[in-house]
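Asks: Take these sequences, add in the hints, and give me the full structure.
In the working numbering, the protein residues as written are 607 to 722.
FYI, nobody ran anything at the bench for these hints, they're computed from the structure. We treat Cβ as the ideally placed atom computed from N, Cα and C, and that holds for glycine. Where hints are given, some of them may not hold.
What the hints assert, rightly or not - DEER-style ranges, computed between Cβ atoms:
hint: 1; residue 1: 615; residue 2: 677; range: 18 to 24 Å
hint: 2; residue 1: 607; residue 2: 650; range: 15 to 21 Å
hint: 3; residue 1: 708; residue 2: 620; range: 37 to 43 Å
hint: 4; residue 1: 619; residue 2: 681; range: 31 to 37 Å
hint: 5; residue 1: 691; residue 2: 634; range: 29 to 35 Å
hint: 6; residue 1: 686; residue 2: 644; range: 16 to 22 Å
hint: 7; residue 1: 634; residue 2: 673; range: 19 to 25 Å
hint: 8; residue 1: 660; residue 2: 689; range: 19 to 25 Å
hint: 9; residue 1: 711; residue 2: 618; range: 28 to 34 Å
hint: 10; residue 1: 671; residue 2: 706; range: 29 to 35 Å
hint: 11; residue 1: 619; residue 2: 708; range: 36 to 42 Å
hint: 12; residue 1: 636; residue 2: 692; range: 34 to 40 Å
hint: 13; residue 1: 616; residue 2: 707; range: 33 to 39 Å
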Amino acid sequence: VQLQASGGGLVRAGGSLRLSCAASRSIFSRDVLGWYRQAPGRQRELVAYITSSGRANYVDSVMGRFTISSDNAKNTIYLQMNSLKPEDTAVYYCNIKDLYGSYAYWGQGTQVTVSS
607 VQLQASGGGL VRAGGSLRLS CAASRSIFSR DVLGWYRQAP GRQRELVAYI TSSGRANYVD
667 SVMGRFTISS DNAKNTIYLQ MNSLKPEDTA VYYCNIKDLY GSYAYWGQGT QVTVSS
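Replies: Right, dumping it as structure tokens:
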């Protein structure tokens with residue numbers, strides 16, 4: 607399974623970006639769709655995830671600013687990022703994993719840089 611992430615770039619603080627992640631297969635009901643990020647010198651952290659039932663969760667630092675969604679007809683996961691801050695600068699990775707732990711797939715990462 608291949609995940610192709612796109613949409614990263616350079617934006618000023620307060621700006622917005624929309625990340626996309628296209629999967630090479632259909633999204634299954636047992637999939638958990640997520641976005642992670644890794645800043646230089648830091649561990650990769652979970653930013654947001656959404657289940658097939660539509661239940662979404664976010665790390666506190668992005669709550670109210672980021673929105674995760676999916677378009678199952680297009681096999682695509684999105685991350686709408688608003689009110690971006692310099693501390694959001696990182697490489698963002700999309701992820702599909704099995705609710706029951708049988709598989710996990712990663713995209714190649716897309717760089718997001720927020721200037722102050």
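Asks: The structure should be examined with respect to each hint, and the outcome stated for every one.
Replies: Checked hints:
1. 615 x 677: 18 to 24 Å: holds (21 Å)
2. 607 x 650: 15 to 21 Å: holds (19 Å)
3. 708 x 620: 37 to 43 Å: holds (41 Å)
4. 619 x 681: 31 to 37 Å: holds (32 Å)
5. 691 x 634: 29 to 35 Å: Since the Cβ atoms of residue 691 and residue 634 sit about 34 Å apart, the hinted range of 29 to 35 Å holds.
6. 686 x 644: 16 to 22 Å: Taking Cβ atoms as reference, residue 686 and residue 644 lie about 20 Å apart, which means the hint holds.
7. 634 x 673: 19 to 25 Å: holds (22 Å)
8. 660 x 689: 19 to 25 Å: For residue 689 against residue 660, whose Cβ atoms are near 23 Å apart, the range 19 to 25 Å holds.
9. 711 x 618: 28 to 34 Å: Since residue 711 and residue 618 have Cβ atoms about 33 Å apart, the given range 28 to 34 Å holds.
10. 671 x 706: 29 to 35 Å: Once the Cβ atoms are compared, 31 Å apart, the range 29 to 35 Å for residue 706 and residue 671 holds.
11. 619 x 708: 36 to 42 Å: At roughly 40 Å between Cβ atoms, residue 708 and residue 619 fall inside 36 to 42 Å, so the hint holds.
12. 636 x 692: 34 to 40 Å: holds (37 Å)
13. 616 x 707: 33 to 39 Å: holds (37 Å)
In this structure, none of the earlier numbered hints is contradicted; all agree with it.
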